[in-house]
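Novice: Build out the structure end to end from the sequences listed, making use of the hints.
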Amino acid sequence: MTEQLLQTTVGQAVWVTLKLASTTTLILMMAGLPLAWKLANMKSRARPVIEALVGLPMVLPPTVLGFYLLVAFSPQNLPGKLWLDMTGSTLAFSFTGLVVASVIYSLPFVVQPLQRAFEQLDKGLLESAATLGAGPLDQFISIVLPQSLRAVLLAACLGFAHTVGEFGVVLMIGGNLPGETQVLSIALFEAVETQDFTSAHTMAAGLLLFALILLVSLYSLERKEHR
Amino acid sequence: MKILSVIKGLAGLALGAVISVQASADVLKIAVSANFHSALKELVTPFEKQTGDKVAISVGSTGALYNQISHGAPFDLFLAADKRRPQMLVDAGKALDKPVTYAYGRLAYWKPGAGKVAYQTIKAEKGRIAIANPRTAPYGLAAQQVLEHMGLLDTKKHQLVQGNNIAQTWQFVKTGNVPSGFVALSQLRADNVTGDYLVLKEDLYDRIEQQAVIPKSAPNSRLAQKFLEYLEGEAQQKQIQDAGYYPGVHPTGHK
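Going line by line, the protein sequences match chains H and G. Following the numbering used here, the numbering of the first sequence begins with 1 at its first residue and continues without gaps. Following the numbering used here, the numbering of the second sequence begins with 1001 at its first residue and continues without gaps.
No lab work stands behind these hints, which were simulated from the structure alone. It is possible that some hints are incorrect.
Computed list of lysine-lysine pairs in BS3-like fashion (alpha-carbon distance at most 30 Å, straight line) [said to hold, decoys possible]: (1) K1156/G / K19/H; (2) K1041/G / K1238/G; (3) K1111/G / K81/H; (4) K81/H / K1126/G; (5) K1216/G / K1054/G; (6) K1116/G / K81/H; (7) K1126/G / K19/H; (8) K81/H / K1123/G.
Specialist: Here you go:
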């Protein structure tokens, strides 16, 4: 039954989408937590510049990112050539390439809520922990993380949802490979272009429902926090 | 008081913009399939000079443009890459006239840097191969048929990378992200590519009959009719042939 479902276009697209969003979220949490913590405690003048770099994907058209990635991934250029020499395959039109793109694309949605939460942390708590001999890593794990648990959850959900909602970048560097790079938004686009409105309705309604449920859960979470 | 006059001024501006849009309604709006874009541009310039009319071109895949038109997009002329989509407009009662064949598409296999390309080159290709999406783009369907006829579809299936339309497929190969691909001969001609490609034999794929149709909803069907007649002219058909097609009117050298 499950195997049969995975054979269909929609089933495959769901699988690729979930795999991409999970992988991206995992990488983003590992990179985003230390980055947000660094930014929250940064006093250097470079801070607005780094913040701007992190925030760029929120304002740039996805086509800008897609175009630069396409150029960077090409074996005619240095980054693409290095990758090809190292791995024997090209980044464009591969799942790995999509992960690279998604991590950049969804970065602000993970880093910004984390950074905001970290900035509002009670610094006194950390100082007392420090006087009791807790190192920075210990402080982070036993005080910062438990105190910001909601923000961590929020960041992960936003990163996941934003990756599911990705379209323009994938269209430019994905190559529409079923089972590898054909995510739901692309499969939906193809269904519309081929006048297959039955599949289009299924996927569009599914994505709409998913986004709605996720946002309702996130907003209820926030309400609880304010209470 | 001051705010009121500002609002009045803005309203005047907005109204002016609306009116100017309506006044420019005698622009001929053409929706063209990606493969014919550069050929069309070459044809439009002399037409504008001759007649004094203005032409606005919108490019997309045949499938996407069909959707837009069937949902009421205000195009005057639809230059599709197949005959299926124009026929669908006819069947839905959304076409003004019978579709007209303006060109027959020709498919090529392009491998930059390969020098001489033969059928053996396709067979021996180990890297990724770019084709347009066979479900949306007629040139992609033709490419799939070529591979099928050569008995290569099963072995090459996992190497295929799909462009959303033939323009993106071209771009995949051009940027070097994919070492070779099936593109339109017209694209190679437009980019002055010499060598490195193979024009595929016509008996390997169903002919790509590219049809034009005037939608019933065309705001400017009279001008569209005029352009269509121009397109069928002998000199223009010769120009289309030079651009990498077989002429649609009185086809020669093509079954």
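Novice: All hints are to be evaluated individually against the structure, with a verdict given for each.
Specialist: Structure-based check of each hint:
1. K1156/G / K19/H: Cα-Cα ~25 Å, so holds.
2. K1041/G / K1238/G: Satisfied, since the Cα-Cα distance of roughly 15 Å is no more than 30 Å.
3. K1111/G / K81/H: 18 Å, holds
4. K81/H / K1126/G: 18 Å, holds
5. K1216/G / K1054/G: Roughly 20 Å between the alpha carbons, so the hint for K1216/G and K1054/G holds.
6. K1116/G / K81/H: Holds: K1116/G and K81/H sit about 25 Å apart, inside 30 Å.
7. K1126/G / K19/H: 28 Å, holds
8. K81/H / K1123/G: Since the Cα atoms of K81/H and K1123/G sit roughly 25 Å apart, the hinted pair holds (cutoff 30 Å).
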